Structures are given as C-alpha cells and as structure tokens.
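> The residues making up each chain are set out below.
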Amino acid sequence: QKEVEQNSGPLSVPEGAIASLNCTYSDRVSQSFFWYRQYSGKSPELIMSIYSNGDKEDGRFTAQLNKASQYVSLLIRDSQPSDSATYLCAVANQAGTALIFGKGTTLSVSS
Amino acid sequence: KAGVTQTPRYLIKTRGQQVTLSCSPISGHRSVSWYQQTPGQGLQFLFEYFSETQRNKGNFPGRFSGRQFSNSRSEMNVSTLELGDSALYLCASSLVGEESPLHFGNGTRLTVT
Numbered sequence: 216q217k218e219v220e221q222n223s224g225p226l227s228v229p230e231g232a233i234a235s236l237n238c239t240y241s242d243r244v245s246q247s248f249f250w251y252r253q254y255s256g257k258s259p260e261l262i263m264s265i266y267s268n269g270d271k272e273d274g275r276f277t278a279q280l281n282k283a284s285q286y287v288s289l290l291i292r293d294s295q296p297s298d299s300a301t302y303l304c305a306v307a308n309q310a311g312t313a314l315i316f317g318k319g320t321t322l323s324v325s326s
Numbered sequence: 007k008a009g010v011t012q013t014p015r016y017l018i019k020t021r022g023q024q025v026t027l028s029c030s031p032i033s034g035h036r037s038v039s040w041y042q043q044t045p046g047q048g049l050q051f052l053f054e055y056f057s058e059t060q061r062n063k064g065n066f067p068g069r070f071s072g073r074q075f076s077n078s079r080s081e082m083n084v085s086t087l088e089l090g091d092s093a094l095y096l097c098a099s100s101l102v103g104e105e106s107p108l109h110f111g112n113g114t115r116l117t118v119t
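Line order of the protein sequences matches chains A and B. By the count of my numbering, the first sequence reaches residue 326 at its end, each step adding exactly one. By the count of my numbering, the second sequence reaches residue 119 at its end, each step adding exactly one.
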C-alpha cells in the first residue's frame, strides 16, 4: 500500500515567521510531487510541483525534495494570516494516472 | 480559460438511492480523475479516465462507477447509497503524464440520510 504521511498539526506560527511542512512517502519509484493548499470549504489548489532533488522556489514558497530519504517539504517564508489553511502533499504513481495524498497539515498563522 | 466544473454543488439523498455526479474538465485536458474527501480519510482516489477508458481505479466497492465521454466530460455514479458515502466528491482534470498536476473543481457535497 503506497502511503504519504504528514503531521496533521495544527502547526501554529506567528505572522512573518517561516512555516515548515513535511511529508514522507513510501513508494521509492515516485518521481513527481505536489503541494496543494485547501482552505476550509474549498477545493485543493496547486501551490508547487517538484520533480528533481533539491530546492524549487516560487515567491514565498520553497519546495524541497530528497528522493533518497523519500522526503518532501514546503517552506513558507514571511507567513501571512491568509496562509492559514490545510496543506496537502501528493505523490504521483509511476503511470501518472493517480495522485496519492497525505491527510494534510493544518497551518494557522496568527497576526 | 474556464476551470473544472462540477454539478451539482450539493446533493441530499436517502440510503439505498443512487446518484450521478457530473464533471466538465478544463478545455484541452483529456484526463479526468475523481476523489472522495472525508474528514477521517482525507482525499482518496476513486478512478481516472482518459480517452473514455478507465486507466486506474482506487480501492472502492463496485457501487462506485464512472465513465468518460468523447468530449472528455465525465460522470460518476454511486448506487445503493450508504451513510458512509457522505463526503465531498472532487473531480480533477489534467494533461497527460506523470508531471501533470491535477486541477480540481469545486466539488459536490453529498449527504446521505
């Protein structure tokens, strides 16, 4: 059973701080990784995708991938109250026909 | 470009009934996936369709079925509804390939009483 694990949180950070979200996955052959943000009552929206080991930056967001450790993380710099949401880590299956999601980490940013 | 459209947004059904949910993908997206989201289990994969063919199916009973039409629109059907089927059903579309992210619709909230 392929699994994606995330700490459920809540993760609480003050406004302006760095929020660090972590994810581990079980399938060693996975090649594509995604972070989605889901606000309460809304559908998931894509924040970042990462396919190669290392860091990928997009604005205040940085995704980090370590395939040897089967570990993906998302850093949110200068956290804002509007970043308060559930963050979902997703891993694509080898055929690219499904994403396996973690149960999400709830982030709360206090002003 | 219009996003993924799901109808209806809300449904209330009684145990034993059946329900059909509809999804129109983003123009040009030929892969359509369906997910069930519940507070306890999170997002769980139901099935994926491409060119009217089911390419992958999650671990759900046969009461859950789907299909895709030639214009890439998709429907999913749940027969003999159970209370545990109450969930948010999300449709997502994507381009083809492992590196193609999913783009989700707003979902259909199904309540079974």
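In short, the hints are calculated from the structure, not lab data. Honestly, I wouldn't trust all of these hints.
To be verified - Looking from chain B toward chain A, a few residues come up when the C-beta cut is under 7 Å (computed):
1) Lys19
2) Leu49
3) Phe51
4) Glu54
5) Glu58
6) Glu105
Unchecked claim - Okay, derived cross-link-like pairs now, BS3-like style, lysine-lysine, Cα gap no bigger than 30 Å in a straight line:
7) B/Lys63 to A/Lys318
8) B/Lys7 to A/Lys217
9) A/Lys318 to A/Lys282
10) B/Lys7 to A/Lys257
11) A/Lys271 to A/Lys217
12) A/Lys271 to A/Lys318
13) A/Lys217 to B/Lys63
14) B/Lys7 to A/Lys271
15) B/Lys63 to A/Lys257
16) B/Lys19 to A/Lys257
17) A/Lys282 to B/Lys63
From a predicted model like this one, the values you see are computed outputs, not experimental measurements. We treat Cβ as the ideally placed atom computed from N, Cα and C, and that holds for glycine.
> Any of the earlier hints contradicted here, and which numbers?
Violated hints (numbers, rising): 1, 5, 8; every other hint is consistent with the structure.
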